[in-house]
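Peer 1: Please work from the sequences and hints to get the whole structure.
Chains as they are written, first to last, in the numbering used here: chain L, 1214 to 1727; chain A, 18 to 165.
If you are wondering where the hints come from, they were derived from the structure by calculation, not from laboratory data. This list has only true hints and no planted wrong ones.
Here are the simulated BS3-like cross-link-like pairs (lysine-lysine), alpha carbons at most 27 Å apart as the crow flies:
| # | chain 1 | residue 1 | chain 2 | residue 2 |
| --- | --- | --- | --- | --- |
| 1 | A | K129 | L | K1457 |
| 2 | L | K1263 | L | K1318 |
| 3 | L | K1242 | A | K148 |
| 4 | A | K85 | L | K1415 |
| 5 | A | K60 | L | K1306 |
| 6 | L | K1281 | A | K129 |
| 7 | A | K129 | L | K1288 |
| 8 | L | K1463 | A | K129 |
| 9 | L | K1242 | A | K109 |
| 10 | L | K1415 | A | K129 |
| 11 | A | K109 | L | K1306 |
| 12 | A | K133 | L | K1306 |
| 13 | L | K1306 | A | K36 |
| 14 | A | K133 | L | K1461 |
| 15 | A | K133 | L | K1242 |
| 16 | L | K1320 | L | K1295 |
| 17 | L | K1415 | A | K133 |
| 18 | A | K133 | L | K1244 |
| 19 | A | K133 | L | K1218 |
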Amino acid sequence: MTKLKIVAVTNCPAGIAHTYMVAEALEQKAKSLGYEIHVETQGASGVENKLAPADIAKADYVILALGKGMTDEDKARFDNKKVVELPVSEALKHIETIFDNIAKKAKLFNASKVKLGDSAVAQDGIMSHLMAGVSAALPFVIGGGLLVAIGSMMVQFGMPDTALANGVRPSLAWVVQQIGNLGFTFMIPIMGAYIAMSIGDKPAFAPAFIATYLANDSTLLGTESGAGFLGAIVLGLSIGYFVKYFKKIKLPKSIASLMGYLIIPFITLAIFGLLTYYLIGPFMAFIMKNMLLFLNNMPPSAKIAGGFLVGCMLAFDMGGPVNKTAWFFGFSLLSSHVYTWYGIVGVVTLLPPMAAAIASWIRPSMFSKAEKDSSVSAFIVGMTVATEPAIPFALAAPLPMIAANTLAGGITGSLSMAFGLERLAPGIGIFDPLIGLMKPWYWFYLVLAIGLFLNVTFILVFKGAWLKHKAKKQLEKLQVAGNDEPDSTEINAKVGVEASTETDTSASVKHTIN
Amino acid sequence: MSLFSKDNMIMDLKATTQKEVMQEFAELAQKNGHAKDADNLYKDLLAREEESTTGFGNGVAIPHTKSKEILEAGVFFARSSNLIEWQSLDDKPVNTWISLMIPVDQSDVHLKLLAKLSRQLMHQDFIAILKNGSQDEVFEAIQNILVS
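Peer 2: Printed below as a string of structure tokens:
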């Protein structure tokens, strides 16, 4: 009999005893039979000896001895494997015979097709952390965005927009918008905090939340703009990895218990808080100042190229420093009765959220469930008041989404300039022409339609290629893992890998062409 | 407070039923300062037992709970001359117990030690000491795992 390769997972209700007893028993039994085995324990102190994708790929059989079940998400990693699943107590009881007739006991496990698409994106290290930020941030932008939209509608339909001031009672429309704005304000730090927590666990949450909040608060930093979602990505990732390695420092037992609640959050926050304040803030102020200088010095003849540049900038970081600079440039010209640059703002800022939503309707397989669920509200909020709903979509696939938005924004900016669109004041997006803020209305809707068409097309092409590339890279990784110690069973395992990844790629090819 | 001491051992348990065994463990845990309320702890131990038996065969059971009644993690040991019905995996009655009790917000250090102890239960030589060794031998065998 050839040397079988087994991977197993054990867990139990309390996570104290049976998880480890069965893990030990499986290891002993497998050893006595000369099998190779890796056992992952999911006990009270978390997951230990986590199975590496390469081990799973090489394994002949998977044993799941479960006392508290397993989520579909967790199970998806055993797609296409021969799996024996049984209660943890049964495993303990029948440990002597558990490997007998394993070929008959095992069933081929198939994760559903939809899961495949999701996990293909989620498995890659950094992307899985970014996705944690996406799913946490979505409710903020959806809830907040809808309130802001309702509030600005109320104002546009004639209700008073009175802000809170000394002795002044604020109007309802103002209060509704303020509550909604909090959703946008906290979306960014929540994003940074969840990205960091996904990497460095709970101790990373608080420092990342606070540092990202600081990086996005222009008043505290004394800049014209916060760092936006790109700041959340940079800080979330760096704080996450910082904490992850910080945790490896060995301390005497007496103070080791203080690590998670005191030492790590305190030191991490001190370091990254100060870095944010003294590096990120001035850095953003510097680039914004220079970008603005550049825009202001643009020769008047370069209108079409200038429109392209401003369009690119507006779509690039959706509320970050680059966007704010371009917005500020257009907005400040209103006072000198130049309305065409602000016209670009009126069209281009509608595109990213609307295009992302439309793309998720055309090709649902390219988007996660959370993104699809949020698409309707992203569309509504996007076409009226805010670009922010596009941020989670961009976070879920930064390179292709930002590239698509920026390119479409640039072309649309040129068109807006070419057709001479003029916007007189901030309004409610797609309805601006109806209330006289955007003219001429026919060219506005034409340019908007072209922009949307381009943006959606770019998203589908770029993200499709990106997903395909990721699937291919994963395939290569698995093959390298399968190749490192060639013997006869290894070749079997490798054939298995190739067969299973073939379905992988065909699935992702289907994503892009169906 | 240490995880395990000779005060946590009963070499001649009086109980004759599963419920009485749990009662004695709960009272000992309260007496030694590991638990707040023995009655509530008793209920938690039984609740875990109802989920699935902790008798894993060979006359040994490992009643355990993760409970808010526990103040400090503890390991308890008991042996009896009575054979007590425990719905064990091998349907045989039990006369040796090792009980693990941990608070809800347990630190990692203790959890890792208890995991190590649980793993030892799958080693026949360790079980032989638990079943037949003197109090000193049993104490030493368990203590060796918890401090190493």
